[in-house]
Amino acid sequence: MEDEKFDAIVVGAGPAGSAAALTMAKAGMNVVVFERGDQPGSKNVMGGVLFREATESAFGQFWNNGAPLERAVIDQRLWLLGKESVVMGGFRTEEFAQPPYNAFTVLRAHLDPWFAKQAEEAGAYVITETQVTDLIFDNAKVVGVRTGREGDLYADVVIMAEGINAFAAAKAGLRRDFTMENAALAVKEIHALPEEVINQRFNVPSGQGVTILLTGEFANNMMGSGFIYTNKDTLSVGFGAIVSHMVETKSRPNDLIEELKAHPAIKPLLEGSEIKEYSAHLIPEVKYEELPRPYGDGYMLVGDTAGFVNFLFQEGCNLAIASGRMAGETAVEAWKKGDYSSATLQAYGDKLKDSFVMKDLYSLRNAPAFFRDHREFFGIYPRMLNAAMQEFLTVDATPKRVKAFEIFHMVRRTRPLWRIGKDMVGALRAFM
Amino acid sequence: MKLEDKLFLDRFKPDEHAHISIVSQDVCARCPDKPCTIVCPAEVYHWDGEKTVVSYENCIECGACRLICPYNNIACTMPRGGFGVQYKYG
Numbered sequence: 468m469e470d471e472k473f474d475a476i477v478v479g480a481g482p483a484g485s486a487a488a489l490t491m492a493k494a495g496m497n498v499v500v501f502e503r504g505d506q507p508g509s510k511n512v513m514g515g516v517l518f519r520e521a522t523e524s525a526f527g528q529f530w531n532n533g534a535p536l537e538r539a540v541i542d543q544r545l546w547l548l549g550k551e552s553v554v555m556g557g558f559r560t561e562e563f564a565q566p567p568y569n570a571f572t573v574l575r576a577h578l579d580p581w582f583a584k585q586a587e588e589a590g591a592y593v594i595t596e597t598q599v600t601d602l603i604f605d606n607a608k609v610v611g612v613r614t615g616r617e618g619d620l621y622a623d624v625v626i627m628a629e630g631i632n633a634f635a636a637a638k639a640g641l642r643r644d645f646t647m648e649n650a651a652l653a654v655k656e657i658h659a660l661p662e663e664v665i666n667q668r669f670n671v672p673s674g675q676g677v678t679i680l681l682t683g684e685f686a687n688n689m690m691g692s693g694f695i696y697t698n699k700d701t702l703s704v705g706f707g708a709i710v711s712h713m714v715e716t717k718s719r720p721n722d723l724i725e726e727l728k729a730h731p732a733i734k735p736l737l738e739g740s741e742i743k744e745y746s747a748h749l750i751p752e753v754k755y756e757e758l759p760r761p762y763g764d765g766y767m768l769v770g771d772t773a774g775f776v777n778f779l780f781q782e783g784c785n786l787a788i789a790s791g792r793m794a795g796e797t798a799v800e801a802w803k804k805g806d807y808s809s810a811t812l813q814a815y816g817d818k819l820k821d822s823f824v825m826k827d828l829y830s831l832r833n834a835p836a837f838f839r840d841h842r843e844f845f846g847i848y849p850r851m852l853n854a855a856m857q858e859f860l861t862v863d864a865t866p867k868r869v870k871a872f873e874i875f876h877m878v879r880r881t882r883p884l885w886r887i888g889k890d891m892v893g894a895l896r897a898f899m
Numbered sequence: 139m140k141l142e143d144k145l146f147l148d149r150f151k152p153d154e155h156a157h158i159s160i161v162s163q164d165v166c167a168r169c170p171d172k173p174c175t176i177v178c179p180a181e182v183y184h185w186d187g188e189k190t191v192v193s194y195e196n197c198i199e200c201g202a203c204r205l206i207c208p209y210n211n212i213a214c215t216m217p218r219g220g221f222g223v224q225y226k227y228g
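So the sequences go chain by chain: P and H.
One rule links them: number in the working numbering = place in the first sequence (from 1) + 467.
One rule links them: number in the working numbering = place in the second sequence (from 1) + 138.
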């Protein structure tokens, strides 16, 4: 393969890389994808919920075409945990159980090979067990990649879909390394249970599933959250928090997940399960102003490499796939023009700005810093809410009016009302 | 379940070539908190009283150690192509 030149090289066969490769190969470009794992997905971890619309925009009707999906998400629950209690909210609809669906639980080691296969069937080469160590430049333009086992390879455009760590992109200066303030560390376990048991415990039929988002008083008041997702015959159980908060509170990730699993509202859901795998992954939670410019002469950055994660809504793979597709489309335009300069690839930046990717990241631009600095939302407030509910629902000789009064005083003692007002206005603003 | 039992469940293809190294053990000796020995989810880093011991073959490749070290004293890359952790579920 030495000195062979391709129209495009994609670094990384995750959802973003495969979406880009598929888009380019379908248009007739000569594309090669490098993946360091022994197969696509073997290095990849997410919660994981796959959102249908963005995925369909790149891969078509994947749910009809053999993509390995676990369950269609029909029931989304939010649990605010107290020490021994929980305040619950959520939403469930039959609409999400019908085609075209809204989201699916997935396991990335099973799903990513299917994504890569779509690119391969469209004509892309997917080369596994090959690490890209460096980018090759010619007059400040990216012209190729240096790999561990295939030597140097050249292309008109290189799409960096390396994931959050982005060693090659960072080393080449296309992106700064993320700091511990703008990344979260998540750990996750796979728990095996018979399909029937999951159906009964979570109140769903086969093929339909539940997500539970967990936040509240269990994690040293860090900005973080836990999750339980139902797969076909496993549960994905995990917890993640901002890395700097983990360092500051001297938290051991394994202790946190053990603590979460011991909560009296969670333990019965996992009863009798067998742990199959333990994994960890970083999640970008980058300030809008600190997002890298996602294109330049001869290259584009997609997915986690570019920091495209909407952490408040726990979305990442949809931004990854949409950005991969848009980078692919831009590369096709550049190929037709025969010009891969930054000026041409700027169209990728424009596409992102016109899409939900940058629109959502822009409208939530103040949220990461706000919640990082207002940890009351992960400590005091869930605790307050749990205490209030417990007081109100404890049936005793106290008249309801007196109870309401006592709750009001408990709230006021815990945090001055003006501060609560300020926090709530701040939280609302962070979403706008 | 203990962490070492959990790591035992994961599938690894060990590389004889270490992908993590400590730049200077003197820096570790002066580091007061040694956050790498706490926050690394696979407890790859262990302070033996004199130096930081790196069990790179247990690394599950999250990349957090580079962000955690206050002195940029951990040179962490990824295992060579095909080596390292091989998730079965992901």
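Since the hints were made in silico from the structure, they are not lab data.
Beta carbons: idealized from backbone N, C-alpha and C, even for Gly.
Errors might be hidden in some of the hints.
As the list claims (entries may be wrong) - Covered, in the sense of this in silico footprint (three residues per stretch, anywhere, with C-beta under 8 angstroms from a C-beta of chain P), are these stretches of chain H: (1) 150-159; (2) 168-178; (3) 183-190.
As the list claims (entries may be wrong) - Okay, derived cross-link-like pairs now, BS3-like style, lysine-lysine, Cα gap no bigger than 25 angstroms in a straight line: (4) H/151 <-> P/584; (5) H/172 <-> P/734; (6) H/189 <-> P/699; (7) P/717 <-> H/151; (8) H/189 <-> P/743; (9) H/140 <-> P/743; (10) P/584 <-> H/226; (11) H/189 <-> P/728; (12) P/728 <-> H/140; (13) H/140 <-> P/717; (14) H/140 <-> P/550; (15) P/717 <-> H/226; (16) P/743 <-> H/226; (17) H/151 <-> H/140; (18) P/550 <-> P/699; (19) P/699 <-> P/743.
Evaluation of the provided hints:
1. 150-159: violated (count 1)
2. 168-178: holds (count 4)
3. 183-190: The restraint on the stretch 183-190 of chain H is violated, since only 0 of its residues have a Cβ under 8 angstroms from chain P and three are required.
4. H/151 <-> P/584: 24 angstroms, holds
5. H/172 <-> P/734: 33 angstroms, violated
6. H/189 <-> P/699: 46 angstroms, violated
7. P/717 <-> H/151: 30 angstroms, violated
8. H/189 <-> P/743: Violated: residue 189 of chain H and residue 743 of chain P sit about 33 angstroms apart, past 25 angstroms.
9. H/140 <-> P/743: Judged against 25 angstroms, a Cα distance of about 14 angstroms means the pair holds.
10. P/584 <-> H/226: Since the Cα atoms of residue 584 of chain P and residue 226 of chain H sit roughly 18 angstroms apart, the hinted pair holds (cutoff 25 angstroms).
11. H/189 <-> P/728: 34 angstroms, violated
12. P/728 <-> H/140: 13 angstroms, holds
13. H/140 <-> P/717: 18 angstroms, holds
14. H/140 <-> P/550: 23 angstroms, holds
15. P/717 <-> H/226: Judged against 25 angstroms, a Cα distance of about 30 angstroms means the pair is violated.
16. P/743 <-> H/226: The hint holds at about 9 angstroms.
17. H/151 <-> H/140: 22 angstroms, holds
18. P/550 <-> P/699: 30 angstroms, violated
19. P/699 <-> P/743: With Cα atoms ~14 angstroms apart, residue 699 of chain P and residue 743 of chain P stay inside 25 angstroms; holds.
When held up to the earlier numbered hints, the structure conflicts with 1, 3, 5, 6, 7, 8, 11, 15, 18 and fits the remainder.
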